[in-house]
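**Student:** Given the coordinates of chain A, work out where chains B and C should sit on it, guided by the hints.
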Amino acid sequence: MPPDSQQTDRNLTLKDAVLEAMFEEMESDQNVILIGEDVGAAGGVFKQTEGLFETFGADRVIDTPISESAIFGLAVGAAMAGSRPIVEVMFGDFLTLVMDQLVNQAAKVHYMSAGGFNVPLVLRTGIGVGGNLGPQHSQSLHGWLAHIPGLKVVMPSSASDAKGLFKAAVRDNNPVIFMEDRMTYNLKEQVPEGEHIIPLGSAEVKREGADVSIYAVARSVHTALAAAEHLQVKNVSAEVVDLRTLAPLDVETIVASVQKTGRALVLDGGYQSFGITGEIAATIGELAFDYLDAPVMRLAAPDVPVPFSPALEAMTVPSAEQVVAKVTGMYGGLD
Amino acid sequence: MAKISYAQALVDGMRESMAADTTVSLVGTNVLGLGPQRPLIEQVRDEFPDRVFDPPCSEAGLASLGIGAAMAGARPIIDFGVGSFSLLAWCQLVAEAGVAHHMSGGQINVPMVFTMLHGLRGGGGGQHSHSPQAMLWNNPGIEIVVPSSPKDVKGLFKAAVASNNPTAIISHARLLGVEGEVPEDDFVIELGSGEIKRPGKDISLIASSRSVVTALEAADELSGEGIEAEVVDLRTLSPLDKDIILKSVNNTGRVIVIDETNESCGVAAEISAIISEAAFDALKSPIKRIARPNVPVPASPLLENCLDITPDKIIAAAHDLVGN
Amino acid sequence: MTDNLTPDQNSAILDRMLLIRRFEEMLIDLAGDHNFGHYHLYIGEEATGATVVESLTETDLLLTTWRNHGHLLARGADPGRMVAEILGRADGYNKGRGGTLHLTVRDVGFLSTSGLVGGAVGLASGAGFALKQAGEDNICVVFFGDGAMEEGVVFEAMNLASLWSLPVLFVCENNNSGAISAQEGGFPSSEIAASRISDIPKSLNIKSELVDGADVAAVHAVIAEAVGGMRKGSGPAFIEAYTERWPGSRPLWPTQATGVTQLAAAWDPSLITGEYAGWIDEFDPLIRFIRNQLDAGVLSQDELRERDSKICDQIAEARAFGEASALPGPESALDGVFAA
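Chains as they are written, first to last, in the numbering used here: chain A, 13 to 347; chain B, 5 to 328; chain C, 5 to 344.
One chain only, chain A, in its complex shape (with noise of 0.2 Å):
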């Protein structure tokens, strides 16, 4: 049974609230299997699949080698041939060592095909800088994937919108990757029972606000809400919008934002070259010019690999004073 079924109080963390969505979607539909490196009998390393293999069992529930280019070109032939998998890359990192199979092969195959074939897959990954795991275990690698067509790229911030966002994954009929940033693994809210789907494209203004407004996803967005604090006590209102997801992209959410408050700074915990945010930042450029008060600013992480040092890590990460710093900047800086 999900962790807490059970439970009145539905205060749940990030993982579980995924955790209880791959139960319901796992009991709603046979053809939704699970497959990946320790996902089985061990329940996951971060116990991110604890309880699955006792309820579904090693037919659904599949430990795999570590072979994760193998293992996701057999789901992407498995979804091509009608089951439904979810697939578990322990690391967001490890996406690298099945790129072929996802941008060559899941990403075109309905496209090349006219149709002829779908992709329904979850490629549930985590991401992240935190706990000194060095340059090989820490990337969020979220711009590539949003740069090919053919993918969704879903990155919850919350747990009800894990939730939310993870079921309608399961229930969509393309790749989708579902990437959580292992920092925000146990935030906890609360999260609405059973059916509770957050459809893919639709962003969500986490606070509003009038004067300047910040985008962002997963971990970024608590760093854009501790930001709005601080700016709140300089007289700075700052509206955060949560994209949820990055493909489909909620353009209407984003250039409402800023058409309301002429100021736009996009924030991102992946890297700034190439990344999303000069994606939306030259969306807002194209769309909003004539609203913007001042130039669309950008934070990101510093194109460099993350390192271990616990000395050195914090670096790589956009910090709310940072992006406090880049607002006040500005309006020519503030007290």
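Don't read these hints as lab results, they were simulated from the structure.
Be aware that one or more of the hints could be misleading.
Below, a list of computed lysine-lysine pairs in the DSS-like style, where the Cα atoms sit at most 30 Å apart [unchecked claim]:
id	chain 1	residue 1	chain 2	residue 2
1	B	Lys-288	A	Lys-338
2	A	Lys-338	A	Lys-272
3	B	Lys-7	B	Lys-288
4	B	Lys-155	B	Lys-246
5	C	Lys-236	C	Lys-211
6	B	Lys-155	B	Lys-288
7	B	Lys-162	B	Lys-7
8	B	Lys-155	B	Lys-251
9	B	Lys-251	A	Lys-338
10	A	Lys-246	A	Lys-200
11	A	Lys-338	B	Lys-246
12	B	Lys-288	A	Lys-272
Derived list of chain A stretches under chain C, where covered just means 3 residues or more per stretch with a C-beta under 8 Å from a C-beta of chain C [stated by the list, open to error]:
id	stretch
13	68-79
14	218-228
15	252-264
16	318-327
17	330-337
This one's a predicted model, so the numbers in the text were calculated from it and none came from an experiment.
We treat Cβ as the ideally placed atom computed from N, Cα and C, and that holds for glycine.
**Tutor:** Positioned in the frame of chain A, the structure of chains B and C alone reads:
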């Protein structure tokens, strides 16, 4: 100056690099694709028979081989054939080659070159037309060279081989047969130096690779209408010559960024964002992007052409801006 | 079967094994005082690394995985700077950017410690390629675990090495992670369809041997023969060094499952107690090698105690050095992406 093809200039750059340094070798010989330029690569084999290798189909293995060899002191050139196949070696590219120098605290260098063809090639379809440059630069540590002319590819090739970092030389498949003048002397073009391919005062057309050629054609036509477009060729994306971009924008106040990577999170988006951050006050109108639409590349020539960036698309965008 | 090694060689191997064991034991303690992330220990596999390096020259190259401390120490890396790196300090070999997962030491011939399963194996074929091109008789050694055999790039790398006769010594340290770990909450996902790992390279015409990785003399015999052939141009070789996994490496995070090693257990069976007494008695490579050396009459109990005490002092100094080393300046995180 001699007029030679892009493919011949690339081969000349490779030959001169190999003559200058005996640790340079070529692994993979599909550098010039499957078209009429293909046999030119035999010049390299004839001159350096011991340093040209025909490998099995093992992109990940070959990328690893190149990286390991570079770590051990050689300067290999690893050829992927088409850019789409670089995805088979993506882990090696970004998680080994790109990070090794930084991660080792500077103990290890990875002085090597990856070559590949990109772009709409005529029937390449969804799995042979990928332009990986935006995705590559979204990961730090790799230099990216996207030449537009025979002169540039030769000069940049030599700089790439001499560089102590992993460098991807990404050539557009449809540039291989394009001819241009190449100086006879021994020249090198520094990585990170863009070039104004045509000066103009009314609008900046910022491009790289084959899009530069398209932009120049559009600029010719626009000139006939009295609109003087400046064509800025980035030549390398990493390092990026931001100065030349901003100088041009400050000069013209109007910008179209033209690039063949997919529009979403692509090269044009990044350049556009850089400009709007750093030269907002100089802008007289929104920055326009002309990029590959966000769909896989269809194989049918008719459909493929719909995705292509043509002078007409650039001219229409320029009309929008200048009339703005 | 010690006659293939000289007394000096045996003595050097024993020192290396002791150094590795005491270093790794210290790390478990260090992890109690500092959080330096996930880490892996070489306990139980010392005989392999400490012996392989005996056949190498100064200019040979090496690559390894996250279970790297033993290999680096065996080649003579400075334990103090290793501790500094593991703690992410400025004096670390990688200036704090690598940590235990990527700790590498170019000065003693290491090109990379890759954190990607099978990653180092791919790179090794390249190091072999460069060495062959350079025309010297140097070789490249790559250490990796049984899990690496599950990654596709390993097949590609072995095929290239065989086709082009590259001087790469593939040392697969099979520490038998599969079934046992699964029972103890470790890594159940390590599995391969082949009956024996050493059978796989044979299909690519790579000479391949299976050896008891806890037996110094046996390891030396197969490595020396393989390396000798490789220096004459015979192409790659593959050694599967099989060990019985140290119980402390079975769970996800290392534990001091067998206690701090009591060397006297080699001659005093009463010291071998506890849940894992069987492992210590039968499989601990250090205890086995000490018994072997005592039996051969080339080592005395007193001499052993004296050497161990020296090494323990050296490890204590290394730990103090690492802990005293300053953290790097945060802004240095942004330096050095590209080489000059």
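**Student:** Hint by hint, say whether it matches the structure.
**Tutor:** Status of each hint after checking the structure:
{"no.": "1", "hint": "B/Lys-288 - A/Lys-338", "in the structure": "holds, 24 Å"}
{"no.": "2", "hint": "A/Lys-338 - A/Lys-272", "in the structure": "holds, 19 Å"}
{"no.": "3", "hint": "B/Lys-7 - B/Lys-288", "in the structure": "violated, 40 Å"}
{"no.": "4", "hint": "B/Lys-155 - B/Lys-246", "in the structure": "holds, 22 Å"}
{"no.": "5", "hint": "C/Lys-236 - C/Lys-211", "in the structure": "holds, 14 Å"}
{"no.": "6", "hint": "B/Lys-155 - B/Lys-288", "in the structure": "violated, 34 Å"}
{"no.": "7", "hint": "B/Lys-162 - B/Lys-7", "in the structure": "holds, 19 Å"}
{"no.": "8", "hint": "B/Lys-155 - B/Lys-251", "in the structure": "holds, 24 Å"}
{"no.": "9", "hint": "B/Lys-251 - A/Lys-338", "in the structure": "holds, 24 Å"}
{"no.": "10", "hint": "A/Lys-246 - A/Lys-200", "in the structure": "holds, 29 Å"}
{"no.": "11", "hint": "A/Lys-338 - B/Lys-246", "in the structure": "holds, 21 Å"}
{"no.": "12", "hint": "B/Lys-288 - A/Lys-272", "in the structure": "holds, 21 Å"}
{"no.": "13", "hint": "68-79", "in the structure": "holds (count 5)"}
{"no.": "14", "hint": "218-228", "in the structure": "violated (count 0)"}
{"no.": "15", "hint": "252-264", "in the structure": "violated (count 0)"}
{"no.": "16", "hint": "318-327", "in the structure": "holds (count 9)"}
{"no.": "17", "hint": "330-337", "in the structure": "violated (count 0)"}
The structure is inconsistent with the numbered hints 3, 6, 14, 15 and 17, although it conforms to all the rest.
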